[in-house]
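Student: One-letter residues, chain by chain:
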Amino acid sequence: MAGAALGLVPSNIRSLIGALVALPCRFYQWRINRALKNYYISSLPFLKTPPNENPKESRDHFQQMLRFAQKERPKELNIHDIGTRLLIANFGTFHPTAILATNPILKVLDSNPEYNTISILRSEISKVLAESNGVWSRTAIAKMIRCDSVLRETLRINAYRARNMMRKVMVNNLKTEDGIVLPKGSDISSSPSPFKLTASCSMTPSSSILSAILAFVNQVLPTLPTSKRNPMTIKARLRISALFPRVLNICRLVMASTLVLEDTSLISSSR
Amino acid sequence: MDSFDWITGDRKYFLDSWQGLVLKRDLNNVLENMMVALNEELQLSLKTRFGTNTTHWEEMDIYETMEMVTAQGASRITVGLPLCKLTHFVICRSR
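For the protein sequence lines, the chains are A and B, in the order given. Its first residue numbered 56, the first sequence is counted upward by one per residue in this note's numbering. Its first residue numbered 87, the second sequence is counted upward by one per residue in this note's numbering.
Just so you know, these hints were derived from the structure itself, not from any lab. Fair warning: there could be bad hints in the mix.
[Claimed, not checked] These stretches of chain A come out as covered by chain B in the derived footprint (C-beta under 8 Å, 3 or more residues):
| # | segment |
| --- | --- |
| 1 | 157-164 |
| 2 | 170-179 |
| 3 | 204-214 |
| 4 | 232-240 |
[Stated by the list, open to error] With the Cβ distance kept under 8 Å, some of the chain A side facing chain B (calculated, not the full set):
| # | residue |
| --- | --- |
| 5 | Cys80 |
| 6 | Asn88 |
| 7 | Leu91 |
| 8 | Lys92 |
| 9 | Tyr94 |
| 10 | Asn109 |
| 11 | Lys111 |
| 12 | Asp115 |
| 13 | Phe117 |
| 14 | Thr139 |
| 15 | Leu141 |
| 16 | Ile143 |
| 17 | Ala144 |
| 18 | Phe146 |
| 19 | Thr148 |
| 20 | Ala153 |
Glycine included, every Cβ here is placed at the ideal spot set by N, Cα and C.
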């Protein structure tokens, strides 16, 4: 928001407006540092012992930042610097995750009720969780083929990046097909989502390719041992079989289609 | 670059961003052990934020709720137990 506001004001008063616009950020920063203060004070004694020696020492990001600061940046070992750095690290963790977690929920709720997406996903989750004795691990998460398909298909349609890469016009009098003149030196970029939703542009596989891949899923997949039945192996196998040069992209679609086709043996075999 | 000065007070947080290095180098190694804690925290926060009452239904904004849920879950990994449950702390961090 600060960036958008600053783009509108003249550059000579930008430093004044910028400081004003940033005031709420500084207020939240101050409140967070205040909340962290007690935790910071209680964490400091652990720094006197070597790492991993005291079992009471927590292994969280904050503590590891304190350890790093103690070793590499002794000047920054204070609550203000550590708190601000923690806050900056949040930019990467909160907002993308919240957006990426919201889209699949909306998509699953919006899906056609006749395909029972919710109950299929639920049964897969409870099956995988039971296999790993109720404890999540990376290997257990990698086994959830259908959840993976829903997430990938959501990511494909609602990509997190709203724009393609920016490109600069390097020639004079460049005209688009619609007759829009692009002046030399201007930056252009397009929104990728319409391409993904338009049938003529999208990678939707033709029926023959779809049936070939579905045959693979139906015939080869059940013969694989359960441990190899994860999305990465399936993709690798599909790549080897070289059904189509763009098979990896199509594969995501197919995984999503198999998700909703209840009568495929992929689903029945893993029940 | 100036905006970094205004928002955080110093551009060193951006130019010398070792917080990301710590995340990548040290936290990735212990991520497997944190999954149990994260699962527990997410379970708790999903229950409290989305509610468990199946007779009385209310309309809610999924994005806002998920923002709080992820903020609480991520806080469990970044600052640990007592702080990640403080609502005002979580709200501040998600802003």
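Student: Would you mind marking each hint as holding or not holding in the structure?
Tutor: Results for each hint:
Look at the segment 157-164 of chain A against chain B: 3 of its residues bring a Cβ nearer than 8 Å to a Cβ of that chain, three or more, so the hint holds. Counting residues of the segment 170-179 of chain A whose C-beta lies closer than 8 Å to any C-beta of chain B gives 0; at least three are required, and the coverage claim is violated. A count of 0 residues in the segment 204-214 of chain A with a Cβ less than 8 Å from any Cβ of chain B is obtained; the coverage claim is therefore unmet, three being the minimum. Note: the segment 232-240 of chain A has 0 residues with beta-carbon separation from chain B under 8 Å; the three-residue rule is not met and the coverage is violated.
A least Cβ separation of about 5 Å between Cys80 (chain A) and chain B falls short of the 8 Å threshold, and the interface hint therefore holds. This hint is violated: Asn88 (chain A) has a C-beta 10 Å from the nearest C-beta of chain B, more than the 8 Å allowed. Interface hint status for Leu91 (chain A): upheld, as the beta-carbon distance to the closest one in chain B is roughly 7 Å, under 8 Å. Among the interface hints, the one on Lys92 (chain A) is violated; its C-beta lies about 11 Å from the nearest C-beta in chain B, farther than the 8 Å criterion.
Taking 8 Å as the C-beta cut-off, the interface hint given for Tyr94 (chain A) holds, the closest approach to chain B being about 6 Å. A distance limit of 8 Å between C-beta atoms decides the matter here; for Asn109 (chain A) the minimum to chain B is near 15 Å, and the interface restraint is violated. The interface hint given for Lys111 (chain A) is violated, since its Cβ lies 12 Å from the closest Cβ of chain B, which is over the 8 Å cut-off. Hint on Asp115 (chain A) holds. Least Cβ distance to chain B is approximately 5 Å, under the 8 Å limit.
Against a cut-off of 8 Å between C-beta atoms, the interface hint on Phe117 (chain A) holds, since the closest Cβ of chain B lies about 5 Å away. At a threshold of 8 Å, the smallest CB-CB gap from Thr139 (chain A) to chain B is about 5 Å, leaving the interface hint in force. A hinted interface residue such as Leu141 (chain A) counts as satisfied when its beta carbon comes closer than 8 Å to some beta carbon of chain B; here the least separation is about 6 Å, so the hint holds. Against a cut-off of 8 Å between C-beta atoms, the interface hint on Ile143 (chain A) holds, since the closest Cβ of chain B lies about 5 Å away.
A least Cβ separation of about 5 Å between Ala144 (chain A) and chain B falls short of the 8 Å threshold, and the interface hint therefore holds. Because the closest C-beta pair between Phe146 (chain A) and chain B is about 10 Å apart, greater than 8 Å, the hint is violated. For Thr148 (chain A), the interface hint holds, the least distance from its beta-carbon to any beta-carbon of chain B being 5 Å, beneath 8 Å. Proximity of Ala153 (chain A) to chain B holds as hinted, the smallest CB-CB distance being about 4 Å (cut-off 8 Å).
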